[in-house]
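Participant: Single-letter residue listing:
Number of protein chains: 2
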Amino acid sequence: MVSQKGVGIVETQHATFTPPGGFILESGEKLDSVTLAYETYGRLNQEKTNAILITHALSGDAHVAGYHKGAKKPGWWDEMIGPGRAFDTEKYFIICSNVLGGCKGSTGPCSINPKTGKPYALEFPIISVGDMVDCQALLIDHFGIDKLLTVAGGSMGGMQVIAWLVNHPDRIRSAIPISTALKHSPQQIAFNEVGRQAIMADPHWKSGNYYGCPLPARGLSVARMVGHITYMSDTSMTNKFGRTRKQDLQPLKFTPGYEVEGYLHYHGENFVKRFDANSYLYITKAIDDFDPAGQRPLGELFKGVSAKIMVIAFKSDWLYPAYQAQEIVRACKMRGLETTYCEVDSTYGHDAFLLEIEEQTCLVKHFLKKVFNGYAVLDQYGE
Amino acid sequence: MVSQKGVGIVETQHATFTPPGGFILESGEKLDSVTLAYETYGRLNQEKTNAILITHALSGDAHVAGYHKGAKKPGWWDEMIGPGRAFDTEKYFIICSNVLGGCKGSTGPCSINPKTGKPYALEFPIISVGDMVDCQALLIDHFGIDKLLTVAGGSMGGMQVIAWLVNHPDRIRSAIPISTALKHSPQQIAFNEVGRQAIMADPHWKSGNYYGCPLPARGLSVARMVGHITYMSDTSMTNKFGRTRKQDLQPLKFTPGYEVEGYLHYHGENFVKRFDANSYLYITKAIDDFDPAGQRPLGELFKGVSAKIMVIAFKSDWLYPAYQAQEIVRACKMRGLETTYCEVDSTYGHDAFLLEIEEQTCLVKHFLKKVFNGYAVLDQYGE
Numbered sequence: 000m001v002s003q004k005g006v007g008i009v010e011t012q013h014a015t016f017t018p019p020g021g022f023i024l025e026s027g028e029k030l031d032s033v034t035l036a037y038e039t040y041g042r043l044n045q046e047k048t049n050a051i052l053i054t055h056a057l058s059g060d061a062h063v064a065g066y067h068k069g070a071k072k073p074g075w076w077d078e079m080i081g082p083g084r085a086f087d088t089e090k091y092f093i094i095c096s097n098v099l100g101g102c103k104g105s106t107g108p109c110s111i112n113p114k115t116g117k118p119y120a121l122e123f124p125i126i127s128v129g130d131m132v133d134c135q136a137l138l139i140d141h142f143g144i145d146k147l148l149t150v151a152g153g154s155m156g157g158m159q160v161i162a163w164l165v166n167h168p169d170r171i172r173s174a175i176p177i178s179t180a181l182k183h184s185p186q187q188i189a190f191n192e193v194g195r196q197a198i199m200a201d202p203h204w205k206s207g208n209y210y211g212c213p214l215p216a217r218g219l220s221v222a223r224m225v226g227h228i229t230y231m232s233d234t235s236m237t238n239k240f241g242r243t244r245k246q247d248l249q250p251l252k253f254t255p256g257y258e259v260e261g262y263l264h265y266h267g268e269n270f271v272k273r274f275d276a277n278s279y280l281y282i283t284k285a286i287d288d289f290d291p292a293g294q295r296p297l298g299e300l301f302k303g304v305s306a307k308i309m310v311i312a313f314k315s316d317w318l319y320p321a322y323q324a325q326e327i328v329r330a331c332k333m334r335g336l337e338t339t340y341c342e343v344d345s346t347y348g349h350d351a352f353l354l355e356i357e358e359q360t361c362l363v364k365h366f367l368k369k370v371f372n373g374y375a376v377l378d379q380y381g382e
Numbered sequence: 000m001v002s003q004k005g006v007g008i009v010e011t012q013h014a015t016f017t018p019p020g021g022f023i024l025e026s027g028e029k030l031d032s033v034t035l036a037y038e039t040y041g042r043l044n045q046e047k048t049n050a051i052l053i054t055h056a057l058s059g060d061a062h063v064a065g066y067h068k069g070a071k072k073p074g075w076w077d078e079m080i081g082p083g084r085a086f087d088t089e090k091y092f093i094i095c096s097n098v099l100g101g102c103k104g105s106t107g108p109c110s111i112n113p114k115t116g117k118p119y120a121l122e123f124p125i126i127s128v129g130d131m132v133d134c135q136a137l138l139i140d141h142f143g144i145d146k147l148l149t150v151a152g153g154s155m156g157g158m159q160v161i162a163w164l165v166n167h168p169d170r171i172r173s174a175i176p177i178s179t180a181l182k183h184s185p186q187q188i189a190f191n192e193v194g195r196q197a198i199m200a201d202p203h204w205k206s207g208n209y210y211g212c213p214l215p216a217r218g219l220s221v222a223r224m225v226g227h228i229t230y231m232s233d234t235s236m237t238n239k240f241g242r243t244r245k246q247d248l249q250p251l252k253f254t255p256g257y258e259v260e261g262y263l264h265y266h267g268e269n270f271v272k273r274f275d276a277n278s279y280l281y282i283t284k285a286i287d288d289f290d291p292a293g294q295r296p297l298g299e300l301f302k303g304v305s306a307k308i309m310v311i312a313f314k315s316d317w318l319y320p321a322y323q324a325q326e327i328v329r330a331c332k333m334r335g336l337e338t339t340y341c342e343v344d345s346t347y348g349h350d351a352f353l354l355e356i357e358e359q360t361c362l363v364k365h366f367l368k369k370v371f372n373g374y375a376v377l378d379q380y381g382e
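From first to last, the protein sequence lines are chains R and Z.
Numbering-wise (numbering that gives the first Met the number 0), the first sequence opens with residue 0 and increments by one.
Numbering-wise (numbering that gives the first Met the number 0), the second sequence opens with residue 0 and increments by one.
Just to be clear, a hint being listed does not mean it is correct.
[What the hints assert, rightly or not] Below, in silico cross-link-like pairs of lysine to aspartate or glutamate (EDC-like), each with a Cα-Cα straight-line distance of 16 Å or less:
no.: 1; chain 1: R; residue 1: 252; chain 2: Z; residue 2: 25
no.: 2; chain 1: R; residue 1: 252; chain 2: Z; residue 2: 122
no.: 3; chain 1: R; residue 1: 252; chain 2: Z; residue 2: 28
no.: 4; chain 1: R; residue 1: 47; chain 2: R; residue 2: 78
no.: 5; chain 1: Z; residue 1: 252; chain 2: R; residue 2: 122
no.: 6; chain 1: Z; residue 1: 252; chain 2: R; residue 2: 28
[As the list claims (entries may be wrong)] Pair by pair, the computed Cβ-Cβ distance ranges are:
no.: 7; chain 1: Z; residue 1: 329; chain 2: R; residue 2: 268; range: 55 to 61 Å
no.: 8; chain 1: Z; residue 1: 26; chain 2: R; residue 2: 269; range: 29 to 35 Å
no.: 9; chain 1: R; residue 1: 121; chain 2: Z; residue 2: 206; range: 28 to 34 Å
no.: 10; chain 1: Z; residue 1: 361; chain 2: R; residue 2: 290; range: 37 to 43 Å
no.: 11; chain 1: Z; residue 1: 314; chain 2: R; residue 2: 252; range: 34 to 40 Å
Quick caveat, the hints were computed from the structure, so don't treat them as lab data.
Bear in mind that the values here come from a model prediction, so they are computed numbers and not experimental data.
Using N, Cα and C, we set each Cβ at its ideal position, and we do this for glycine too.
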C-alpha cells in the first residue's frame, strides 16, 4: 500500500558552482561554472546522515516528487517519495537534481555559453555519467553532507548510482541501482544511435543551431517513439493496445490507424515540447560511452567501496535485461560487498521501475531501515 | 553440408497480366494490369507437379538464387536453392517473384500510372498480403500449374505462405511458413510505424512525390537501421560487434564511433540505393494489416485446407517470437492438418532464417521428399 500523502507543493531550486580552475570534465575539457536544478523533500538531520540522492533516467528531471504549483501531474517517481513512502520524507532528506547536460534547469547544450552569449549547442563539451555524478557531489558539498545514506535510480539513474560507487566510494553508505547495466550492449547503443540519427536527419536540427528557430521536432519525435517501444514489453503492449484501431479518425493512407501508433505519436509529439534535441544527443552518448570497468577485471571495479548494495531488475525488461543487473551483482560479490539482488516479476518491461511501486516500496523500505540502523542487510530473496 | 554447386547465371523475367475487369484488390480498388518480376530455376516436369514457390520478405526480390551476369553476390537465399540443395533444382521447379507493391520489377508505387504517365506514388492503391498472393496465382496460371508442391518463405514471405493456404487452399499441396506470424503484435506494428514516420519526416519525401528528385534517403536509412536492430538478437550483436570502436575515423561529436553504429549506417545507406521509400510504406502497411483470422475463431482460419504444413521458428528471434509460430501450429492442428513444428536453436535472431542453412536444409529436404512422394509427414522433432 502506497501512502496517500505525498510531499505536496514543491519548487525547483538552482545552485551554481564555480570551482577554482573550473569544473573539469572526464574529457579534459572544462566548464567555468555549472548550475544544477534540484529539489529536496524532508529534512536533513543534525548529523547530516539521512540524505538520499535520487538520480533520474534519460528524460527525467529534478522534479521527482510532489506537485509544482498549479500542475496536474506530480513528479516522475512521486509514489515512491513522501511521508510513509519508500523514501520516507519523515525520516530521510531526499535530493534530486537534473543532470549536467540536461535541459531542465541544469547546465547543458541549451544553456548560454558565457563566451558567446548564445546557447552552447554543439559547442557544449562531451559529458559523461561520471561528470554528472561529480557535479552532484558539488551539490552534496553545498548541503554540507559528508556521506549520502543512499543513491538510488533506474536506467541511466542506475548508471549514476554505479558512477557514485566508482568515483566517490567514501561518500556513499549504500546504493540502489535499478534496471540498469555496467555498460551498454551493442543493441542498446544501436537503439540510441537510431534516435540520434533521426534527430540529426531533421533539417531543422541544423548541426544543433536551432535555438530561436523551428525545432527538429519530427526527428526528436521519431527518436522518442523508438525509445517508447524499448521501454515497454511485447506483453505490456499487447495488453494495452492489442490490434485495436483508433476510432477517432478515418484511416487515410499511412496515418496512424492502430492505437499503438496513436500512442507513439502522442508521446513523440509531447516529448518535443519538453525536451531539447541536443540534450538527447549528449545524454544518450554519455550513456553509450559509460563503461567504468573498461578493460579492467570486473573484480576491480568497486575497489575501495564498502557500501551496501541492492540491485533491482525486472523480468520483462528487455532493454536492460536481468543478466546485466546480475553482472553488477557479480562485480559487488567479487569485492565481498553486502549485496541483495531482486528480480521482480513484472510485465511492464523497462518502464517497470516507474510502475511497480508496491514491491519496490517494500524492498526499499526494508533495505533503508537496515542501512540507516546500521544493521546487516539480510537477503530477502535468497540469491 | 550445403552443396557447392548453385544454379549459376540467372536472369529476371517479367510477366504482365491484364485480367478482364482488371486485377481487383482486397480494398475493392483495381489495377488494369499487373506486372510481376520473377525468376525460375530447375525444370517443370510434364505433370507440372514439382513446382515450388518461394516468397520473399519485406526487402527481398525475385532474385532468390544464382548470380546475375557480372554480379559478385548471389540471390538472397542462394544456399537453399540449387542441385542437391534444400530446394533441389534437379527435382523441383522453383519460382520466385517480386511482390505486388515492390520496387524490383513488379507493379508498385514507383511504376508508371498509365492514367497519368507518371509514377503512381501515393496514387497507388493500398495492397494486402492477400493481393500479393492472388497476383502470384496469375503467374502460376501462366505456367499452367494447377497445384504448387509447396510455398515456402520467411517473415513476410511466411505471411504469404499463410495467405496462400487461406486464399487458394486447393492449389497448394504443402506449405512452409518460417519466422512468421498470423498477425502482427502491437510491438511489431510499432517498429514498422517508426520506420514509416522516419520516411515521412524526411522533407525529400514530399508526400511521396520524390521521383526524379532527391530521394528521402536519410528517412529511409533510419527506417532500415531500426529494422536491422530487430533482425538481429542481443547475443548476435554482442558476438559480432561487442563494444568495439571503429578504427578508421577519429570520433567526432555524434559521428558513429562504435562498430555497431558503423554497421547500421552502412546498411542504412546501402538500402537507399536499392529500395523505394514508398514501397517501404505500402509493404510494411500490408504486413501490419495482415490478419486473415480477424475476429473468426482460430480453428476456422484454415477451412478447406488439406496441405501438409511445416512451421519453422528460431529461438532467438524476438521480432517474430516462437509463440507466434506456435499459434500457426495451433490453427493447423485445430483443423487436423498434418503439421510439423521445428523450433531451431540459433542466436541469429530474425535473420536466422537467412543464415541457418544447414538445419533448414535438412528439415526442408525431408519434408519435401515426403510431400513429393505422397508419404505422410513424420514429425522429426516430436511435438
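Participant: Which hint numbers does the structure go against, in order from smallest to largest?
Facilitator: Of the numbered hints, 4, 7 do not hold.
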